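Please build the complete structure, drawing on both the sequences and the hints.
In order, the protein sequence lines correspond to chains A and B. Counted the way full-length UniProt numbering counts, the first sequence spans residues 1 to 531. Counted the way full-length UniProt numbering counts, the second sequence spans residues 1 to 320.
Derived by calculation from the structure, the hints in this document are not laboratory data. Model, not experiment: these values are computed from the prediction. There may be inaccurate statements among the hints.
[Said to hold, decoys possible] In silico BS3-like cross-links for lysine-lysine, where the CA-CA straight-line distance does not exceed 25 Å:
| no. | chain 1 | residue 1 | chain 2 | residue 2 |
| --- | --- | --- | --- | --- |
| 1 | A | Lys413 | B | Lys219 |
| 2 | A | Lys368 | B | Lys194 |
| 3 | A | Lys129 | A | Lys140 |
| 4 | A | Lys34 | A | Lys23 |
| 5 | A | Lys70 | A | Lys56 |
| 6 | A | Lys413 | B | Lys194 |
| 7 | A | Lys271 | A | Lys481 |
| 8 | A | Lys27 | A | Lys38 |
| 9 | A | Lys368 | B | Lys198 |
| 10 | A | Lys102 | A | Lys133 |
| 11 | A | Lys34 | A | Lys19 |
| 12 | B | Lys41 | B | Lys53 |
| 13 | B | Lys316 | B | Lys194 |
| 14 | A | Lys102 | A | Lys129 |
| 15 | A | Lys31 | A | Lys41 |
| 16 | A | Lys404 | B | Lys198 |
| 17 | B | Lys194 | A | Lys411 |
| 18 | A | Lys129 | A | Lys104 |
| 19 | A | Lys56 | A | Lys129 |
| 20 | B | Lys198 | A | Lys411 |
| 21 | A | Lys104 | A | Lys41 |
| 22 | A | Lys413 | B | Lys198 |
| 23 | A | Lys34 | A | Lys20 |
| 24 | A | Lys56 | A | Lys102 |
[What the hints assert, rightly or not] For each label pair, taking beta carbons as the anchor points, the in silico distance ranges come out as:
| no. | chain 1 | residue 1 | chain 2 | residue 2 | range |
| --- | --- | --- | --- | --- | --- |
| 25 | B | Pro162 | A | Gln163 | 39 to 45 Å |
| 26 | A | Arg408 | B | Lys316 | 39 to 45 Å |
| 27 | B | Lys316 | A | Gly290 | 49 to 55 Å |
| 28 | A | Lys243 | B | Asp239 | 45 to 51 Å |
[Claimed, not checked] Anything over 10 Å on all C-beta distances counts as not near chain A; from chain B, calculated:
| no. | residue |
| --- | --- |
| 29 | Ala254 |
| 30 | Trp269 |
| 31 | Asn298 |
Beta carbons are placed, not taken as given, at the ideal position from N, Cα and C, and that holds for glycine.
Here is how the chains run, residue by residue.
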Amino acid sequence: MTKEEAPGATEEEQQAQSKKGLKKQQKEAEKAAKKAEKQAKLAADQQSTEEEDFAKDRYGVSAMVQSQQKLDRVLVRVQDLIPEKADQLIWLRARVHTSRAKGKQCFLVLRQQQFNLQALVAVGDRASKQMVKFAANITKESIVDVEAFVRTVEQKIESCSQQDVELHIERIFVISQAEPRLPLQLEDAVRPDGDGEEEGRATVNQDTKLDNRVIDLRTTTSQAIFRLQSGVCQLFRDTLTEKGFVEIQTPKIISAASEGGANVFTVSYFKTSAYLAQSPQLYKQMCICGDFEKVFCVGPVFRAEDSNTHRHLTEFVGLDIEMAFSYHYHEVIDSITDTMVRIFKGLRDNFQTEIQTVNKQFPSEPFKFLEPTLRLEYTEAVAMLHEAGVEMGDEEDLSTPNEKLLGRLVKEKYDTDFYVLDKYPLAVRPFYTMPDPNNPKYSNSYDMFMRGEEILSGAQRVHDAQLLTDRANHHQIDLEKIKAYIDSFRYGAPPHGGGGIGLERVCMLYLGLHNIRQTSMFPRDPKRLTP
Amino acid sequence: MPMYQVKPVSGSHVKTDLPTCMYAVPNVHALQNGEVEPAVKALEARQDEIMRKLYELKAAVEGLAKTVTTPDADLDLTVSSSSSLSSQSPTSTTFRGTTDLDALLGKVTILKLDLGALRDIVINANPAQPPLTLLVLHSVLCQRYRVLSTVHVHSSASSVPPQLLSCLGPRHPDSYARQMFQLGFTLIWKDVPKLQMKFSVQNMCPVEGEANVARFLFKLLSPYPSDPAVATLVDSWVDTAFFQLAEGSSKERATVLRALNAALGRNPWLAGPEFSLADIACYCCVLQSASASSAPTNVQRWIKACENLGHFGPAKLYLK
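Quick look at the structure:
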């Protein structure tokens, strides 16, 4: 660069520089200004939040309850919150069913088992904006402790079980937080199947429910079903105990398969193998021979049937009865049917709320029965089926569709969902069934049906060792395997009979449900082993 | 009178023997000397014998058919109706008729397999209105056939008084073997608006109303009178009993009692000289409406006559 050119250039450069510089400076100034603004704003906000959070100690996530202290606090149940308790200050622990913020208020629905009610946090002199924001952000299904005033409402809250009151929250603490993404939504799980398709709202299919059973069990329907099931078991025990029965516990690990070898689970038993009991049959009978006269037992039954149907499980709860009788096996039938009728009456009288809750999601007809229970003979049933156009031999067993058709025919004629079918043909019953004394084609055995599906199979048992041996030979069963069984009848055995029902199946049919997995808490079938 | 009379051409009537056989052919089976083989003769004789027996049987069956089942359609109604009401002879036994339940109830099974299964009559009644007529008919049925009677309470009925549970009498000692009975009578106390009966669900619709069920049960015991006029009279009394006596106002009841009085003045029983369903129905309804004591003289006499027959034991027992 020449000296003459440099000043020109520098002038230009200077000019350019000054232009660029100006621009740069301007930009920097703008940036700085914006930054300053932001900072000022933040500062202001922070100041304001810090300033205004006067309610900081009235909400928050509690420390994990590790039994740090024993509080003498009384927690009230949601179902007890009625208008009479208005204006009381109470503590309660419940789950957050939903939370919804609306401006300066947050509406929460708090749920305990089948009961729920509305709770409200509003910005005011007791609650700050931050508190409302916190409440709105509590994840669904979290467990919270709430201190609140009970207030009556002018308009009924239709969507809650406690319709006349709501809570105005003073303090709210999260005891156990739930993860934000739930595998299934409770409202979807309770929605009846038809509705979902019409309105485009989702329903949850059974596999998802079973995989996430812990959440599914919280729904009102599940709570109702299992409370009813508990009722069935309770009524069974109470009724039989009142009749003089003794409850026994039978072993489930046995050395030989009791009814036909194909459907048993094998377990390794030290150096040999053993089987899981298919039914407590053998041991019930041994108890009778042991002079207990009337026994019942409640316990698991294991059937290794590879049936993937709506009514089979590999493990279920069996309620089994066995009793000695004086002269005729109908004494046993009368006892069993009387027990069943007492169970139905108990459910009808004491569990109506549960039945109605289940009907909301799974509508069905109420269960009808006759007292004393209707007893038809097998020949009558075959005649009814013939009349309806079904072709079957009179010594043939009833197939499942025939059983269902028969159930419908009996319902039409007698208007009952529960009946007993007596005098089955001998050919289709197990070897220990007592044959009919007058007609060798038939046996002293019976089945009981609910809504057209079989729930109980029973009979008078052969109590004579010789006859038992003959029958076993006739059925070509290896006598060595059942030697212990036959031996139990060699030292004087009273005539006896009995039968067993499946708890899950009885519940399913009483409520009119269609799949046994709905009435089994953690069902086991050929395809499912967890949870 | 004929117009033209012509004298007969030929003299007297000549008897002409018209041949029955057009062409006579010599017997193929005949032996050389023209005689028929004795074996063939014997065969012919046997055949004639069989045909004779068949004709006899046919005549017998036709005769039986006429006496057993419903009257022939071509019976002259005018002749019978005028004579029946006055000339029917009173009989001592009130219930006769066939014991063939199959014919009366129709075959329950359509296919050839008749397993001898129990035919069950199911009656659903409201415990608030117990059907006395049916209880009476049930006791008569029990005398005629082997009836298995059971009483059930439906889950819809809230509380049933104990006398209703034992209204069909004590349990039959053989009731554990249903096959041994000809007829089943199942009474279910249920919360129904109107009494109904179900028998053969595939072939019959349910029969509603105590009157109609009573008619059905009565026909199992003896057929309705063959004379249609008498049958109609019986029917009309049955309807009167159930609609006006049992359910009507006190004015209607009084009218019916007067009508009863008038009818019973002419005949010993309501439908003529024979005891019939009309008497059963009216007696039960009179008893149920508790107007027996205030009834006119003929009616009182008739009530005593009914009681003497002995069929009404269960009804009186229930009302006590």
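Taking the earlier hints as the rules, which of them does this structure contradict? Of the numbered hints, all hold.
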